[in-house]
Amino acid sequence: MRRSLVILTSVLATGALTLTACGSRDDNGGDSGDGDTTTLTIGVDAPLSGENSTTGLGIQYGAQIAVDDANKNKLVPGVTFKLKAYDDKAQPATGQSNATSITGDKTAVGAVGPLNSGVAQSMQQVFASANMVEISPSNTNPELTQGKNWQTDKKRPYKTYFRTATTDELQGSFAADYALNGLKKKKVFVVDDKQTYGAGLAKIFAEQFKKLGGTVVATDHVNTGDKDFSSLVTKIKNSKADLLYYGGQYDESSLITKQMKDGGVKIPLFGGDGMYATTYIEAAGTESEGDLATAIGVPADTLPAAKTFIETYKAKGYKGDYGAYGAYSYDATTAIIKAVKAAVEANDNKVPSDINALRSSVVDEVQKSDFEGISGKVSFDEYGDTTNKQLTVYQVTNGEWKAVKTGTADLG
Amino acid sequence: MSGIGPVEPVDSPETDESYDVIGVDGPRLTDRWTTRWTGLPPRTRRTALAMGAITAATAAALVPHALTADRTETPENPAPWPANVTAWHYLGSAPPASPQATSGRFRFAVSVHSGPPVTVRVIGAAFKGLTAHATPAPDFTVSAGATRRITVEISVADCSDLPLNAHLPFLDVTLRNTRAIQPHSFIFGDAYSRDLSELLHGACGRAPARPAPRPTGSAGSQNAD
Amino acid sequence: MNTLPQQLANGLLLGSMYGLIAIGYTMVYGIVQLINFAHGEIFMTGGFGALTVYVYILPDGTSMAIAIPLMLIGGGLVAILIAVGAERFAYRPLRGAPRLAPLITAIGLSLALQEVVRNFYPGADRTIAFPGLDTTHDIGSITIKDADIFLILAAIVCMSALAFFVRKSRTGRAMQATAQDPDTAQLMGIDTNRIIVIAFAIGGFFAAVAAVAYGLKYGNVEYRMGFLMGLKAFTAAVLGGIGNIYGAMLGGLVLGVAETLASAYIDGVPGMQQLGGQSWANVWAFALLIIVLLVRPQGLLGERVADRA
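For the record, the sequence lines run as chains A, B and C. Here the working numbering = 1-based position in the first sequence + 17. Here the working numbering = 1-based position in the second sequence + 1263. Here the working numbering = 1-based position in the third sequence + 326.
Just so you know, these hints were derived from the structure itself, not from any lab. Glycine is no exception: its CB is placed at the ideal position from the N, C-alpha and C atoms. Possibly wrong hints are sitting among the right ones.
Said to hold, decoys possible - Which chain A residues face chain C? A few, computed with CB under 8 Å, are given here:
| id | residue |
| --- | --- |
| 1 | SER247 |
| 2 | LYS252 |
| 3 | GLY280 |
| 4 | GLY302 |
| 5 | PHE388 |
Stated by the list, open to error - From the derived model, a few chain C residues whose C-beta atoms are all more than 10 Å from chain A:
| id | residue |
| --- | --- |
| 6 | SER389 |
| 7 | ALA391 |
| 8 | LEU407 |
| 9 | VAL410 |
| 10 | PRO424 |
| 11 | TYR447 |
| 12 | ALA487 |
| 13 | GLN512 |
| 14 | TYR544 |
| 15 | LEU554 |
| 16 | GLU629 |
Unchecked claim - Computed list of lysine to aspartate or glutamate pairs in DMTMM-like fashion (alpha-carbon distance at most 25 Å, straight line):
| id | chain 1 | residue 1 | chain 2 | residue 2 |
| --- | --- | --- | --- | --- |
| 17 | A | LYS254 | C | ASP593 |
| 18 | A | LYS394 | B | ASP1453 |
| 19 | A | LYS244 | C | ASP472 |
| 20 | A | LYS333 | C | ASP451 |
| 21 | A | LYS228 | B | ASP1402 |
| 22 | A | LYS227 | B | ASP1453 |
| 23 | A | LYS227 | B | ASP1402 |
| 24 | A | LYS220 | B | ASP1424 |
| 25 | A | LYS204 | C | ASP451 |
| 26 | A | LYS176 | A | GLU362 |
| 27 | A | LYS201 | B | ASP1424 |
| 28 | A | LYS204 | B | ASP1435 |
| 29 | B | LYS1391 | A | GLU224 |
| 30 | B | LYS1391 | A | ASP427 |
In isolation and in its complexed conformation, chain A is listed as follows:
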């Protein structure tokens, strides 16, 4: 009896470890394609569980629909695409090991993701070494494409990294402009979560807000995973700020806005694309009313090409929120698929037998991308940044994100 209990306990413990273990599995399904079709894998990496998973799942299923469409329409004759999803749990280390798994997969031609800029930093090198293309639908930190000194000396660090999202340089400026001229706010309290994305965005916002003539009354930083922000709320209250700007994800900002408004500080919270998710409104409840977020791209419902995508997403009952990045993920995946098509056509309509040769020509073809995606034109500049630089300010109105202003950048 006693022994069996011990065994039961260890089974439970081992089970728990297994459940949390980030498994990686070799893929044997390879290109055992029946007859003359080749199966090629596209990896998608995003947080699919826990923090940030609402937007992460939007990326996964956006890519899934793109792969399904390509297979259905036989976009690349003789090639069947397979999507393999990796959960990075918003952790840079997990992202890096996922990147290693993707590059180790001998059928993989490219990757979509990740969601978080901080995770991207740890993945870029891995893809660059394997000469495999990586397209993020959501990374907005300028350093990823323009190097550490992007403000003074732009230099592309990795030629394999691309993104369909625009950068925080624009997003932060757009938000600062709207805060001052749209909302007529003068005194902002800036908080960030110390992550690559959040801290970068908050810094750009604060600099820009000051340049435009506003005042940053105070700054503070929180930890991801924090739950109690009462001390911060008291500080905000004392600062007499008329706006709170938050650089980070919806997980923390939904708690902050709720606690802030419950604490009697009735000022709006303004954030970036990381909190443009339905979960933000669900978690913060009515306290989220009037809060704002900038997000990349124009509202999905103003894009006729995205209509079928949204219908498919809803019809399949996919989890997560396609609003923020779904369409971009679809386009990123399509860019890889079209690049494979071009690479195959350049090789006498045969899939190159050497996966490394294929990967390398896919990188070159992605750089040359130029097509109408569902989010607009898809093409990349010399840094790997999208040329489609659009942004939207959303505000929570009657429990829903409503677009209040859109913007387009032409930096050429």
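Given the coordinates of chain A, assemble chains B and C onto it according to the supplied hints.
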């Protein structure tokens, strides 16, 4: 017993989909639903069953129709939203109409790549102290496929609160076509911000010579409220 | 505006929650010298138990005055069941085993509980909304919510009841005896197994009370909420002197206040700008723990025990 067991596929609405997940361990769909189901109070279960039956009946009636409708829908393509088809490109500053230092003229190329013609009106230049309008007419229309060169005149009305070295300055416009009217901002790069800041410096840099209506600068006005 | 009273209130509220959870760590440690690392997850399941009562059992629109006691009962039952179950099936078989074995078991159990909730509770793979008590009151310069009042009252009532129980009741005295020397206590006719189960049950119930307060205060629960709260509560128990129930509450309060004040004021100290703010609060809380343990290794209210471990 090895520490790492096989990783189950996450519940996917299509079981035969080319699809699996690594790093996520979803429960078996059936288990999860059973748990959820038995966790419900009987009344809810009955209601759910009834609703399910009604939904199924409705779906059976509607789905064939919906499927055929879906397939034939593509030709009917609604007009695109104006903001999604309009592009602005900064060409450079133009010689000012008058030698006054308080206004400047900027040239842009506006193009519309598809859909019905878009009517544009320039309504502002990001800051309260600036007024902006297109010349010669405040409204102009660009049709699909065309590129139109226009000149925008920006005048400084009030120097207080004006940042002289704005980075990434905006031009606020409204875009209108048969689909919608959208307020939109266009953001331009270094060339425009340099030219604009030249104008602002010229107009407001010599502060003593031209006292602004509100003598307090931006720093002072923040303490006022 | 003088923010000190508000910040002290924030700290005391957070501290009361730590204290309530810390009771579970300290009672179990006091009696069986086991650090029950799964206690944070018992706290979490208590929250989910209460949520289940509210969402799935009570009809919509039940007034909170009726709902809260029922949620306390529901959450308490779930937490007690899991705490006692853990004791019976995971820890008791290992009672004679080396100290490390139950410790590892506790960590495993904690992961297992988290994953079970995440995978099997509907919607628990992300934050779930919990009914909040959000009406605010201004008392002088302090703003507090109904949920805060509930938390303070719950902490006071629970602590007083526990003090009375341990001092006055027969079982409570048996508990003290078992804590002093389990073998002698058994020789004196005390059913030590029963006492241990009661210690786990009380700890579980207090954790559930804290979890309900947590849900009401923050308006949500999630499967990971036990990890950080458990860690903090454990720290509070050590700070106050592990094994001492008053120490646990005092440790919680000290920790909560220290954390809040550090987050509020350190960055105002000249030269400390970089080391202040919310993100450094935990660092200062643990620095305080280290200092206290250097000066008083037995904790604030702990007794110096020659050889306990």
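Numbered hints the structure breaks, given as an ascending list: 5, 14, 15, 21, 23 and 25
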